Amino acid sequence: MTMAASESARPTRKPRSKGLFLRRYSTLIVLLAIFLAFAIGVDRFLSVRNLTNILQQISILTIVGVGLTFAFAAKEIDLSVGYACGLAGLLAPLLMVWGYPPALAVAVGLLAGLLVGVFNAIMVTVVGIPSLIATLASGSILFGVNFLVSGGKAIYGGIPESFTAIGATNLGGLPAISIVMLVVVAVAWFVMERSFLGRYIYAVGGNARAAELAGLSARRLKAISLVLCAVFAAGAGVLLAARLGSGQPNAGERYLLDGLATVFIGMTMIRPGIATVMGTLFGALFIGVINNGLNLIGLDTFIQDIFKGAIILAAVSVISRQTQLKLL
Amino acid sequence: MTIRLVDIVKEYPGTTALSGVSVDFRPGEVHAIVGENGAGKTTLVSILSGANRPTRGHIEIDGTARSFDGPRAALDAGIGYVSQEGTLVPFLSGAENIMLGAEPGRLGVIDRRRVLADAVSAAAHFFPDRDLDLQSPVEDLDYAERKVIEIVRALRAAATVLILDEPTASLPAADKEMLVRAIGELKARGLVIILISHFLKEVLALSDRVTVLRDGRKVETSDAGGLDEAHLVQRMLGATAQAFQERHRAPVPPGEARLAVRGLSGAGFRDVDFEVRPGEIVGLIGLSEAGQIAFAEALFGAGGRTTGTIAVDGRTVRIDDPREARRLGIGLVPDQRMAKALVAEYSIGENLAVVNLPSTGMGGLPIVAGARERTNGAAVFAQLRIKANGLEQAVGELSGGNKQKVSIGRWLYGVDARAAYRVLIFVEPTEGVDVGVKAEIHDIILKLADAGVAIVVVSSDLLEISHLCDRVSVFCDGTTTAALGRDRFHEDAFVAAMAGRATGRMG
Numbered sequence: 008m009t010m011a012a013s014e015s016a017r018p019t020r021k022p023r024s025k026g027l028f029l030r031r032y033s034t035l036i037v038l039l040a041i042f043l044a045f046a047i048g049v050d051r052f053l054s055v056r057n058l059t060n061i062l063q064q065i066s067i068l069t070i071v072g073v074g075l076t077f078a079f080a081a082k083e084i085d086l087s088v089g090y091a092c093g094l095a096g097l098l099a100p101l102l103m104v105w106g107y108p109p110a111l112a113v114a115v116g117l118l119a120g121l122l123v124g125v126f127n128a129i130m131v132t133v134v135g136i137p138s139l140i141a142t143l144a145s146g147s148i149l150f151g152v153n154f155l156v157s158g159g160k161a162i163y164g165g166i167p168e169s170f171t172a173i174g175a176t177n178l179g180g181l182p183a184i185s186i187v188m189l190v191v192v193a194v195a196w197f198v199m200e201r202s203f204l205g206r207y208i209y210a211v212g213g214n215a216r217a218a219e220l221a222g223l224s225a226r227r228l229k230a231i232s233l234v235l236c237a238v239f240a241a242g243a244g245v246l247l248a249a250r251l252g253s254g255q256p257n258a259g260e261r262y263l264l265d266g267l268a269t270v271f272i273g274m275t276m277i278r279p280g281i282a283t284v285m286g287t288l289f290g291a292l293f294i295g296v297i298n299n300g301l302n303l304i305g306l307d308t309f310i311q312d313i314f315k316g317a318i319i320l321a322a323v324s325v326i327s328r329q330t331q332l333k334l335l
Numbered sequence: 005m006t007i008r009l010v011d012i013v014k015e016y017p018g019t020t021a022l023s024g025v026s027v028d029f030r031p032g033e034v035h036a037i038v039g040e041n042g043a044g045k046t047t048l049v050s051i052l053s054g055a056n057r058p059t060r061g062h063i064e065i066d067g068t069a070r071s072f073d074g075p076r077a078a079l080d081a082g083i084g085y086v087s088q089e090g091t092l093v094p095f096l097s098g099a100e101n102i103m104l105g106a107e108p109g110r111l112g113v114i115d116r117r118r119v120l121a122d123a124v125s126a127a128a129h130f131f132p133d134r135d136l137d138l139q140s141p142v143e144d145l146d147y148a149e150r151k152v153i154e155i156v157r158a159l160r161a162a163a164t165v166l167i168l169d170e171p172t173a174s175l176p177a178a179d180k181e182m183l184v185r186a187i188g189e190l191k192a193r194g195l196v197i198i199l200i201s202h203f204l205k206e207v208l209a210l211s212d213r214v215t216v217l218r219d220g221r222k223v224e225t226s227d228a229g230g231l232d233e234a235h236l237v238q239r240m241l242g243a244t245a246q247a248f249q250e251r252h253r254a255p256v257p258p259g260e261a262r263l264a265v266r267g268l269s270g271a272g273f274r275d276v277d278f279e280v281r282p283g284e285i286v287g288l289i290g291l292s293e294a295g296q297i298a299f300a301e302a303l304f305g306a307g308g309r310t311t312g313t314i315a316v317d318g319r320t321v322r323i324d325d326p327r328e329a330r331r332l333g334i335g336l337v338p339d340q341r342m343a344k345a346l347v348a349e350y351s352i353g354e355n356l357a358v359v360n361l362p363s364t365g366m367g368g369l370p371i372v373a374g375a376r377e378r379t380n381g382a383a384v385f386a387q388l389r390i391k392a393n394g395l396e397q398a399v400g401e402l403s404g405g406n407k408q409k410v411s412i413g414r415w416l417y418g419v420d421a422r423a424a425y426r427v428l429i430f431v432e433p434t435e436g437v438d439v440g441v442k443a444e445i446h447d448i449i450l451k452l453a454d455a456g457v458a459i460v461v462v463s464s465d466l467l468e469i470s471h472l473c474d475r476v477s478v479f480c481d482g483t484t485t486a487a488l489g490r491d492r493f494h495e496d497a498f499v500a501a502m503a504g505r506a507t508g509r510m511g
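The listed protein sequences derive, respectively, from chains A and B.
Position in the first sequence (first residue = 1) + 7 = my numbering.
Position in the second sequence (first residue = 1) + 4 = my numbering.
The hints are simulated quantities; they were obtained by calculation from the structure and are not laboratory data.
Over 10 Å on every C-beta distance to chain B, these chain A residues come out as not near it, computed from the model:
1) Ile148
2) Phe170
3) Gly180
4) Trp196
Simulated crosslink set (SDA-like; lysine to any residue; CA at most 20 Å straight-line):
5) Lys344(B) <-> Arg227(A)
6) Lys344(B) <-> Gly400(B)
7) Lys205(B) <-> Asp179(B)
8) Lys315(A) <-> Arg261(A)
9) Lys344(B) <-> Ser224(A)
10) Lys344(B) <-> Glu219(A)
11) Lys344(B) <-> Ala215(A)
12) Lys191(B) <-> Ala126(B)
13) Lys451(B) <-> Glu468(B)
In this text, all values refer to a predicted model and were calculated from it rather than measured experimentally.
Don't be surprised by glycine CBs; every beta carbon is placed ideally from N, CA and C.
With the hints as constraints, model all of the structure from the sequences given.
Right, dumping it as structure tokens:
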């Protein structure tokens, strides 16, 4: 067939209307407003030290959130990320306590995430259990495993400084852990936006039947996204151990709800209704800024939780009214 | 009671289902509505049943304008509705379904004994000779029994109007008879009975008047007495016999089959023999669910397991999934584009790229080269004259015709279609698109065939089939019952073969 491009039919860039801009960036504007309010109203908020602090505080959360972004992009969910994060955060210190080198310990932590991901993927794509249920159950299993591994006690003593340094040092003014996070975000962004794999995951998440009829394997792509999700959670767990300098049996748990929140907030911006890596990064910033600001004001953590919940509801309500937000 | 539909317009984003239809229904008449798939029959009665609201126009009952804001309002007005798809609650019993929304009881507590008693008496009244199980969950019953329960519910609820949308499709003869008797009774009571049916013989036998719809417009309303089937079909199709015979392409010379299928069986079809040669366009027709779509999807490996043989260019192959079909150079543009081909929230560019994404590859790596992606997208955009703001516009915002162009364009993206495909299968390629785009799509298909691609077209639009195809295979009850060459392209031959009356040689 001929490919004669006629002038009239040449596609032009879609003019960005005000409405569209607002729809895409309203959450970002809210984030800026909150940021400004803290900057004006809270003393130590706008110091370089505090800002790098925020960046450090959100690093682990962001990595969990980016992992979840893969799952959400394929229209799946993973409720086991908190415990997968916890498992890797226990196994890595445990091996070092036993005297194995940090590199091996890190590898075992990530391998544990890979196995969790493969298990989840098999349950969802081979056995056919909806991911909401499969990962709820595997999370429960991991919760128990984490207690078996740790005996319910913290794991510490003899962890080399070369490992804990990841969580404690600054490189060129940035916390090392944040640099790791930024690299992870960059790689994930590239995979989702520029690689065939990312495009295919989005295609499956958008319409699995259509993807199948385009010759893609929806199963395989959903499986890959679930495996990536668990591996990212495990990576976050290893960083968590480095930051804590120990393995804590319950430390990973809070990353489930906060991680989901980063994705939900992210889904309200850039491409409303669709999980994106950049959206998730901003979602994590959103939560980081709020936590940090409220902390500086001196509010109790449970008050912070109430605020956070209210803000998530507000953010998601905006988008739910405009697009029929379908998570699963 | 007289019911009038006045200038009913129903628009959906991208398509118009009804464009100004007025019909009046008289008390005590059976009024049939006939037309092809997509003519607007179901949309029209769903408006009267309150399930759908018109974009413009109104309903008039005994001279006063009414509007139903939901099925409840229509039920309260005494309108009973048997819709085409099952509307029973699967885990409730037949009795509970029949009495749903009209349960006898006190203070909000349902009197379960009376539910059963009332349902049993209604069933016994309308279907006296039918032994119905009204106490098991309806999901455990067979199709016919469920249908009868649905009909009993509507008959019981109907005080002014009874709407029957394809009530007799696959209903046993005895049940049909009882339904006919029940219709007679309601008719004698002065109700309006509105009947939608594909079975024209049944329409002519049962109804007093017939309204023909075509492409969302009323063609005519006439007394059934002076009508015959041929007249109705002709009105439904809007075609003259001559239009079926017009020749647009030179005959394809005989030669080796590109795709040859022998005794293929699978989910929804069985024992099908079929072939198509390079450059040939072969049509597959049949009534809905006759197996032609299931067969077409199976050729693309999308229909589950099959038995029988498939040969491509003389070599026997297995096509177990779409990936295998793609490797063999077989492509499929499916029907129901939003369910099977496109993602509404994604951009035109993203939707176009998904089938041939490797054509955007950066130096052999599985990475999208942005520039190549834009060039490929712009080429398809221009070639298919897609009307949109640009490649970045979301597909969900486009009209039906432009969505279909994107669905087809996915297969032309980044490749020379002549070299890339051996066989292209189009299922309902112009479903819900306007006349202009229809012609453009026909043009694309003809050009692909002229370039030597073997084409399979499944369509319920018989004019489209006769316009495009060199040969037609007719499906009936899951298998091919007739093969018609162009010399036999005639609406009567099509309709007769689709209805299962053998008129052509087998195969």
